[in-house]
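Chains as they are written, first to last, in my numbering: chain H, 154 to 436; chain A, 87 to 333.
In short, the hints are calculated from the structure, not lab data.
Residues from chain H shown here face chain A by an in silico Cβ test under 8 Å; the list is partial:
id : residue
1  : Thr157
2  : Asp175
3  : His271
4  : Arg277
5  : Gly298
6  : Asn435
Where is the CB? At the ideal position from N, CA and C, for every residue including glycine.
Here's the letter readout for the chains.
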Amino acid sequence: MASTQHIGIDLGGTNVRVGLVDGPQLLDLYTESTKAGGSQQEVIEQLFSVTDRFYNDQIQSIGIGVPGLVDVSQGMVFDVVNIPSLQEIPLQALMEDRYRIPVRINNDANCFALGEYHFGTGKRQGSMVGLSIGTGLGAGIIINGKLHSGKHCGAGEFGMIDYLEHNIEYYASGQFFQHVYDIDGLTVFKLAVEGDDSALEMYRVFGKHLGNAIKTILYTLDTDKIVLGGSVSEAWPYFKNSMWEQIKTFAYKKTILELKVDISALSNSALLGAAALYIHDNL
Amino acid sequence: MQVYISDNYQQQAGLAATHLAECMSSRPQPLICVASGDSPAGMYASLISQVNNKFLNIDEWNFVGLDEWLGMNGKDEGSCRYHLNRQLFDPLNINAAKICFFDGRAADPDHECVVTENYIIDKGGIDVTILGLGLNGHVGMNEPGSNADSRSRVVTLDPLTVQTGQKYFSEAKELEGGLTLGIGTIMESKSIFLLVNGLKKAAVVKRMLEEPASPQIPASLILQHPSIRIYLDRDAASFLTHQHTTN
Numbered sequence: 154m155a156s157t158q159h160i161g162i163d164l165g166g167t168n169v170r171v172g173l174v175d176g177p178q179l180l181d182l183y184t185e186s187t188k189a190g191g192s193q194q195e196v197i198e199q200l201f202s203v204t205d206r207f208y209n210d211q212i213q214s215i216g217i218g219v220p221g222l223v224d225v226s227q228g229m230v231f232d233v234v235n236i237p238s239l240q241e242i243p244l245q246a247l248m249e250d251r252y253r254i255p256v257r258i259n260n261d262a263n264c265f266a267l268g269e270y271h272f273g274t275g276k277r278q279g280s281m282v283g284l285s286i287g288t289g290l291g292a293g294i295i296i297n298g299k300l301h302s303g304k305h306c307g308a309g310e311f312g313m314i315d316y317l318e319h320n321i322e323y324y325a326s327g328q329f330f331q332h333v334y335d336i337d338g339l340t341v342f343k344l345a346v347e348g349d350d351s352a353l354e355m356y357r358v359f360g361k362h363l364g365n366a367i368k369t370i371l372y373t374l375d376t377d378k379i380v381l382g383g384s385v386s387e388a389w390p391y392f393k394n395s396m397w398e399q400i401k402t403f404a405y406k407k408t409i410l411e412l413k414v415d416i417s418a419l420s421n422s423a424l425l426g427a428a429a430l431y432i433h434d435n436l
Numbered sequence: 087m088q089v090y091i092s093d094n095y096q097q098q099a100g101l102a103a104t105h106l107a108e109c110m111s112s113r114p115q116p117l118i119c120v121a122s123g124d125s126p127a128g129m130y131a132s133l134i135s136q137v138n139n140k141f142l143n144i145d146e147w148n149f150v151g152l153d154e155w156l157g158m159n160g161k162d163e164g165s166c167r168y169h170l171n172r173q174l175f176d177p178l179n180i181n182a183a184k185i186c187f188f189d190g191r192a193a194d195p196d197h198e199c200v201v202t203e204n205y206i207i208d209k210g211g212i213d214v215t216i217l218g219l220g221l222n223g224h225v226g227m228n229e230p231g232s233n234a235d236s237r238s239r240v241v242t243l244d245p246l247t248v249q250t251g252q253k254y255f256s257e258a259k260e261l262e263g264g265l266t267l268g269i270g271t272i273m274e275s276k277s278i279f280l281l282v283n284g285l286k287k288a289a290v291v292k293r294m295l296e297e298p299a300s301p302q303i304p305a306s307l308i309l310q311h312p313s314i315r316i317y318l319d320r321d322a323a324s325f326l327t328h329q330h331t332t333n
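With the sequences and hints as input, model every part of the structure.
This is how it looks when you write it as structure tokens:
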């Protein structure tokens, strides 16, 4: 049978991670720091060089997830968080010219959701939302087994919705701790692990905001399942209860009774999802 | 009943394959009843892509054939088994031991029907039945006039089926009858997927969905099933006047 290997790339503002992927399996992984301040040419060259590490003539496709706006049909990257030089780049065409195999580009939160849908906790849930909670809040939407990216890959940007004095992302992502308590998320996490009361209280408040964010998602999509990933999800035990208390104030009881909210059990959903983009497109 | 109306055949096929994978994956050692024909072919292609790319594991699946022409089996070009071998079983490398299929050449066709019904019982029932829709409203070879509680049996074919069935053969064939799962057998499966596409089916789709259920349109007899999903493309749905669920 033909090879089923694909390359998945997670291009973040801090690190670029490249995986050699076969179906649900990550065969090999390479990470290096992103040349985030580099010129357009330097960032593209970096993408080529990391891809070259795993590229061979058995590779069927390449998928790239970026934290930013993408025109999926054109393969254009418009804007990438923390990599200022990547503006209006025909990344798909550049990659396809070089490697001569199909390349797909999508938003990183969409890749996370796709990885969860095909291989993770959200496996075959029909309709689900993947919420990636790190320094920002990203969401990917799966409806009837298909990724719903929207015309500009902007569907699911719930973090941008106005909320209280700012927006949802301000209160329901890692930014919350810095903005509201002037302390970084990692420090709060360490304190909470030690049982510090004020850190636990911060997580309780965070969970309430996240619960409100999830209610907004439910009023929009009424999904079966929500999968949480990203660095903040490590603190799940500390915000789980207050999050659910808030979700339970949702108006439609049947939705809440059937809703499943879980933490990602995969460590590389976004990479697996990026590698799956091309196949998913053609299912 | 859920009705999904897709923009085109490919989208219809992809959606049905996605739902099929969801449905089958939630059950241990599931049994799927498969129909041959043009309607489900796209869904099978999408399913094969999922399996070949390791998105889906079907090692535990078992298969039962929906129907077969009397006097034919997989060795006959144009038979239902022949088409399904090409559309599904061969590309997926399915071991023949995991397939139960009517042998229309068997000396005792009635016994084939007993064997099939027993196989279904032995496997704990059918999990998903895949159906197409005939121009005369038949499902499987349950022709107009079939009973709602009919079981697997040897049937006489409707003249329209004899005529339209010719498309599966390279030269003219005398189609003398068929072996088919009954409406009652189909109704006992846990889920039913009915796939219909193309403008030529638009009129019979309308009769099935918008006229009172009747043995004259056998497909209308299965609409009461608690878990039936109907997948249409825009063309097949184009004569519908009432509102049906759209996705």
